[in-house]
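Undergrad: Here is how the chains run, residue by residue.
2 protein chains.
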Amino acid sequence: MKPSIPKGTRDFSPAEMARRNYIFNTIRSVFSLFGYQPIETPAMENLSTLMGKYGEEGDKLLFKILNSGDFLRGVDRELIDNNALSKLTSQLCEKGLRYDLTVPFARFVVQHRNEIQFPFKRYQIQPVWRADRPQKGRYREFYQCDADVVGSDSLSNEVELLQLIDEVFRRLGIRIVIKLNNRKILAGIAELIGEPEKIVDITVAIDKLDKIGPEAVNAELAERGLSADAIDALAPLLSIDGSPEERLDKLSVLLSTSETGSKGVDELREILGAVRSLGLHAELDLDVSLARGLNYYTGAIIEVKAKDVAIGSITGGGRYDNLTGVFGMPGVSGVGISFGADRIYDVLNTLDLYPSSLLSGSKVLFLNLGSNEAVASMQMMKKLRAEGVSAELYPDAVKMKKQMSYADSRSIPFVAIVGESEMAENKMTLKNMMTGEQTLTTVENALELLK
Amino acid sequence: MKPSIPKGTRDFSPAEMARRNYIFNTIRSVFSLFGYQPIETPAMENLSTLMGKYGEEGDKLLFKILNSGDFLRGVDRELIDNNALSKLTSQLCEKGLRYDLTVPFARFVVQHRNEIQFPFKRYQIQPVWRADRPQKGRYREFYQCDADVVGSDSLSNEVELLQLIDEVFRRLGIRIVIKLNNRKILAGIAELIGEPEKIVDITVAIDKLDKIGPEAVNAELAERGLSADAIDALAPLLSIDGSPEERLDKLSVLLSTSETGSKGVDELREILGAVRSLGLHAELDLDVSLARGLNYYTGAIIEVKAKDVAIGSITGGGRYDNLTGVFGMPGVSGVGISFGADRIYDVLNTLDLYPSSLLSGSKVLFLNLGSNEAVASMQMMKKLRAEGVSAELYPDAVKMKKQMSYADSRSIPFVAIVGESEMAENKMTLKNMMTGEQTLTTVENALELLK
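Chains as they are written, first to last, in our numbering: chain X, 1 to 451; chain Y, 1001 to 1451.
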């Protein structure tokens, strides 16, 4: 009987909204400080835009919208008899809910190519939907916060994005490690061990190194058809140690015969050099096992982990060379990052890092002592609001005690009382709910206290 | 080949986002100033929550989401053979997209009744989706901005909401008329003409008075089964004139035999009296033909029209006595309003009322003269950003002219040049793009100019 919401979705109360808006506003401010501009795209995209972009599994996880009106018209009944779900879906549904912000962004760039100034720096903060099995920390509706620049292959974009990441987490007070890699280094490694066409298999397998350990990775590599020699050749490359600069020096030697690999090393060196000279709060780490499972990265790969909370990556991104090719606009290089708002929310909660002043209710509650008193109160509230002080009137003239406990439970810091005697003097009694202190004051003097 | 988006949906460019955010931020600030607190609900609701709440037509206009996985399992094949679309829909789909913010809010209140402090003042700014036929000014995805207070039947809530509306449009610079009515007056009228059970028919018909004129309304009333006597008796009531106060006085006499009608007059008088004594910028109008076609209003009915643009209502609302009853929680009275962001956007565009400083791109573009110069520029940008000045680097070291025209087309007001000679002095050449003026300056002095 009690109403509920679909599993994997959430309601957000005022207290949760205050915390979430703190995160979104922080990210939004920094995006803007770095010259990124906002866009928004529709929640619904044509399925032709979405299908085939996230792999076979992704296609299944798209939420599809049943066509309006006579949705059975033109549907091939044989598909129903044969339970041909996938084909049937494309006849029943033309639209789906957006699955991430990257594909809609690529579609946006191609569709509006003639109105856009390139290089185009955009940010986008919107929810996405995935029909994943809900579990702790994984939702079917969640927000992504993406910043991308397209139409430039300069490494200064990577340098800027690393600074942007650093500034967001500095403002949030979260200590982080930024892990860096370059897809070209992975390609160089595949080349070096004589399995250049196996780069995707190698990438997918070694991406799991942290989770499943080297032995299981080797088993998976063997399963994916890598020779024992190749697996042996891979081992020393995956266990290079030292500072990022030391690792790059060692990699540079190991990959010297691979042109692609060397280019990857050079790119990372340039990015690292610039970022070091600018100075970051974050710790930097070079991690050649970092691949982020995504096949579309072609250059830098970036991942951020919180230092003080054991949770997956809280931000990630990288460079892609052909984001818009699939929509008929080839040769547009780009680089972007995506902040995971929900995990950042969990980290801030775990570490209790929210500013104490966050709950943004009214500054003052006017008690309601009757209709004349209410109008007199509203006169005063009008003056307070004109100066930016949020104020509300308890709407019903119920017992004082009930009204006071309402102020208390809502954490409203001041209560104003305008009774007969106050009305006669055109004043209010202002009570500080923290200290209990009461003052009889004009609205002008109250302003001083409340501002 | 060129990608597109579903009809009735929109992409928003940075320039459009700036305008839309101006509207949303204005409304949000005023909501907050009046003590309303934000909540958010999921885009998807269970269809059991949504169906039957918007009438038969509304049920059809809901976007439904195809069940994930084997959506044919358990589906009654006979329904397919019989083209029983409506029953089939409920087997194929468990979830739908939210159609407005009111029903999700009612569901929220019931679901979280034990955590909520009543009276509960909440606002909600989120998109809604309707499978309406798209036309000029009507979209399939659009934002609603709602503020409601539930758990109080005090008329001070109406008074507060009218002030809130007034303040929003004052800030936006839109001159408005606020039309007021009360459902109890409509009920009184129906009682008076001896057709109390026909109130819904009367309401629906006279709501069209402005659009189709009195004759067509009378024809419709006859069609809906009203006697000629009743229609004659209705005429004088619908053409009462004078100031709102004068109209109320006349209505008070006409409706004196109807208890409900008299109560409606008294309520409006109290609201009007309080609002007048507080002072509004908006013009007030009493319109007994105002019904807003919604059957759930039980008291005050509010509608806002722009004075200087011929467009439908740009805000509306009213009191309802049993919002949550349908979810098993009776007796919760509430009153709310909803701002139509898209129409307000159109009005502001038509009247060209946006602040000139709205486009919020970077304050300064650093030209890129090579990689050493770029790093030197980024050092300076870091100092500017630390003081809140948004800055960006043109990422590629292409021709100056191209970089300058990028700054121009993006309306970036300042360009900074850090070449070899500037680097030697640790300075920049700062160019004001409006005046063409150039200055050689330190970053500290540049800050003064840019802040």
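Hints are computed from structural coordinates only; laboratory data are not their basis. Treat the hints loosely; a few may be bogus.
[As the list claims (entries may be wrong)] Per the computed footprint, the stretches of chain X lying under chain Y, defined by three or more beta-carbons under 8 Å from a beta-carbon of chain Y, are:
1) 35-44
2) 100-111
3) 116-122
4) 147-156
5) 237-248
6) 377-383
7) 392-405
Think of the CB as a built atom: it goes at the ideal place given N, C-alpha and C, for glycine as much as any other residue.
Undergrad: Sort out which numbered hints this structure fails and list those numbers smallest first.
TA: Checked against the structure, the only hint that fails is number 5, while the rest are satisfied.
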